[in-house]
Every structure is written in structure tokens, then in C-alpha cells.
Amino acid sequence: MTTNTPPTSGVQLIEVAPELAGQRIDNFLITALKGVPKTLVYRILRKGEVRVNKGRVKPEYKIQAGDIVRVPPVRLPERDAPAPVAQGLLQRLEAAIVYEDKALIVMNKPAGIAVHGGSGLSFGVIEALRQLRPDAKELELVHRLDRDTSGLLMIAKKRSMLRHLHAALRGDGVDKRYMALVRGHWPTAKKQVNAPLLKSNLRSGERMVEVNDEGKEALTLFRVLRRFGEFATIVEARPITGRTHQIRVHTLHAGHMIAGDSKYGDEDFSREIRELGGKRLFLHAYALTVPLPDGGELKLEAPVDEVWAKTVERLSAS
Numbered sequence: 001m002t003t004n005t006p007p008t009s010g011v012q013l014i015e016v017a018p019e020l021a022g023q024r025i026d027n028f029l030i031t032a033l034k035g036v037p038k039t040l041v042y043r044i045l046r047k048g049e050v051r052v053n054k055g056r057v058k059p060e061y062k063i064q065a066g067d068i069v070r071v072p073p074v075r076l077p078e079r080d081a082p083a084p085v086a087q088g089l090l091q092r093l094e095a096a097i098v099y100e101d102k103a104l105i106v107m108n109k110p111a112g113i114a115v116h117g118g119s120g121l122s123f124g125v126i127e128a129l130r131q132l133r134p135d136a137k138e139l140e141l142v143h144r145l146d147r148d149t150s151g152l153l154m155i156a157k158k159r160s161m162l163r164h165l166h167a168a169l170r171g172d173g174v175d176k177r178y179m180a181l182v183r184g185h186w187p188t189a190k191k192q193v194n195a196p197l198l199k200s201n202l203r204s205g206e207r208m209v210e211v212n213d214e215g216k217e218a219l220t221l222f223r224v225l226r227r228f229g230e231f232a233t234i235v236e237a238r239p240i241t242g243r244t245h246q247i248r249v250h251t252l253h254a255g256h257m258i259a260g261d262s263k264y265g266d267e268d269f270s271r272e273i274r275e276l277g278g279k280r281l282f283l284h285a286y287a288l289t290v291p292l293p294d295g296g297e298l299k300l301e302a303p304v305d306e307v308w309a310k311t312v313e314r315l316s317a318s
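Per UniProt numbering, the sequence shown runs over residues 1 to 318.
Read the hints as simulated data drawn from the structure, not as lab findings.
Please note that a few of the clues may not be correct.
[To be verified] Below, simulated EDC-like cross-link-like pairs (lysine to aspartate or glutamate); rule was C-alpha separation at most 20 Å, straight line:
#1 Lys263 <-> Glu210
#2 Lys62 <-> Glu138
#3 Lys299 <-> Glu236
#4 Lys158 <-> Glu49
#5 Lys279 <-> Glu297
[Stated by the list, open to error] Ranges between beta-carbon positions, derived for each pair:
#6 Thr244 <-> Gly35: 22 to 30 Å
#7 Ile240 <-> Lys102: 26 to 34 Å
#8 Lys263 <-> Gly48: 41 to 49 Å
#9 Pro72 <-> Ser200: 39 to 47 Å
#10 Asn27 <-> Pro293: 15 to 23 Å
#11 Val11 <-> Ile240: 43 to 51 Å
#12 Ser262 <-> Leu225: 17 to 25 Å
#13 Lys34 <-> Arg56: 17 to 25 Å
#14 Pro18 <-> Arg226: 45 to 53 Å
Bear in mind the structure is a predicted one, so any value in this text is a computation, not a measurement.
Positions of the beta carbon are idealized from the N, C-alpha and C atoms, including for glycine.
Generate coordinates for the entire structure from the input sequences, incorporating the hints supplied.
Shown next as C-alpha cells:
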């Protein structure tokens, strides 16, 4: 039986570059063998087919600069090849890039596009970018945005930048600000929500987050940007911690749900916004300030999309 998908040509010997030192061998192989299922990576490690400096290693081994990694030939089944992303979507994402240099891409991600494939999706932003930038071999998401949230998303082109930004995110070096259209009159005096969040998976596999004393500490700072009488408010949300669905659950906890949020929102409020043409989740990552490795600072702002802008126009006229 023949296949059109060739194996990797023979044994590969890869010398570990200094910037990759300290990485686990399993993660190194998952990145080096793009598209190879993780189960196969762990199988070749378990069988001792991967050698470092001619010796067998465990998945948790941390590679060092100058290590010689022997990788056996790996045959990919055809069905594991990523499906090509539609040309129209590629063009849309290319047009959404607001900043790019040798080490970093920042995109104004459209609402409705996942950041990566999975959960029934064959592709997301990262898979599309790998198609758009085939020479950037180390493309990785720096952080995530929910599928229905729009706005500024960082993708590292180099592992050194990924490490730098992860360190900045763990500290207080990155300033991310969101805009949200919420139900009702958000009090000017309500400047923060400090409520621990606990993740749970429903039987359907859907992930839900709730305020729970047993959860992780979560803090979001809020500021009123614009009011629409007693009906709605646009607030700025600045998450100090980075928990899953943090802003969406904190606005719910405050009693001011985000328009278009099918999971944590208010259906009556969302329906009224939809009737104005607002068929989306009204959460947008609009401003980002990040420290760069050279000591400089990158400051970016991203405009909202046409659906958001026209809905707000109609809201202010009603």
C-alpha cells in the first residue's frame, strides 16, 4: 500500500539552539515535528527512538544548548495534515494584522474566529498564520481570546519573545484593556470586581466559570466610558489577573451582563441589542501596552468592527 504523504526523510539530527535551552524534550519535539500527533511524540520517546547525545531520555528531560537530538523517521497519516484555510479567511486575517516585526505579530482578531483549532474546529488564528507565514517556524500564541471576543491578540514569531512576554504577563508588565457593552447603569463608583473564579466542566464538555470562594483570586478594574440612559453602559475592563472568562463572569457578578453573551449574559438584553443589528458578543480587547526586550514599549489600540460601531450608533439614536 502506498501513500502520498512521505515520511520525514530518514533520521534527523538536530542541534539545540541556545534560546531553546531549558525546554522539555517532549515540548521541543511537538514544536519541531509540526502536525505530528502528541501520542506519536510520546510513543517514540517511550520506545527510546529519540536520543539526546546518543542516550535515551524521559519526556521531562530539559534540553541544553548544544545537545544533539536524534529524531527517527516519522510517517504522518494523510488525515492528520491540517486542512488548508480558506483563502478569504486568510486575506481577512492578513488585513487584521496591526503590528509585525521579526519577533512578534499583533492582530485585531475578528469576533467569531477561534484562536486555535480543536473542539470540532479544524483551524483557528494560529493555524491560519502558520499558512500565511510558512517561514516563521516558531509561531505560538502568547495568550488567548475567547472565540467570540474581538481585539488585540499577540502571536510570538520567536521563542525568546514568547518567553519574554510570558514573564511580562506573569508580572504586571502588560496592560490589556477591553471595552464591553453591558446591561443597565453601571455605577461610576464601582471601580473594581474582586471575586475568586472556579472553572468546571459540564457533562456536555462545555467549560463554565463561576464566582466561588474555592476558586482562584481574580481582580478586574472597571471604568465607565459611555452611557445609554439606564438601558446600557460601555465600560472599560482591565483584568489584573488572567482567568478564563474573567471579564464575562465579573460583569455577571456585578449584575451588568455583557450584550450577546450566550453563556453568562441576559437573553432579553441581548435580544434588544440584536434587534439593533448587534449580532455578536460585545467584548473587545481595544488597548495593549507591552514591554519589549530592548527596553522599549509597544502601545497599540484596535478599532471596533462595523457591527459594533453601527449598533452603538443606533443605540445612541434610540
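Structure-based check of all given hints:
Simply put, Lys263 and Glu210 have alpha-carbon atoms about 11 Å apart, close enough for the 20 Å limit, and the pair holds. For the hint pairing Lys62 with Glu138, the CA-to-CA distance comes to about 18 Å; that is within 20 Å, so the pair holds. With a CA separation close to 17 Å, the supplied pair Lys299 and Glu236 stays within the 20 Å bound. For the proposed pair Lys158 and Glu49, the alpha carbon gap of about 28 Å is over 20 Å, so the pair is violated.
At most 20 Å may separate the alpha-carbon atoms for a hinted pair to count; Lys279 and Glu297 exceed this at roughly 35 Å. Between Thr244 and Gly35 the Cβ separation comes to about 27 Å, which falls inside the hinted range of 22 to 30 Å. For Ile240 and Lys102, the Cβ-Cβ distance of about 30 Å falls inside the hinted range of 26 to 34 Å, so the restraint holds. The hinted window of 41 to 49 Å between Lys263 and Gly48 holds, with their beta carbons roughly 46 Å apart.
The hinted range of 39 to 47 Å is satisfied by Pro72 and Ser200, whose Cβ atoms lie roughly 41 Å apart. Look at Asn27 against Pro293: about 21 Å separates their beta carbons, and that is inside 15 to 23 Å. Between Val11 and Ile240 the beta carbon distance is about 49 Å. The supplied range of 43 to 51 Å therefore holds. Checked against the given bound of 17 to 25 Å, the beta carbons of Ser262 and Leu225, roughly 24 Å apart, stay inside it.
Distance hint for Lys34 and Arg56: a CB-CB separation of about 24 Å, consistent with the stated range 17 to 25 Å. For Pro18 and Arg226, the Cβ-Cβ distance of about 50 Å falls inside the hinted range of 45 to 53 Å, so the restraint holds.
Consistency note: the structure conflicts with the earlier hints numbered 4, 5.
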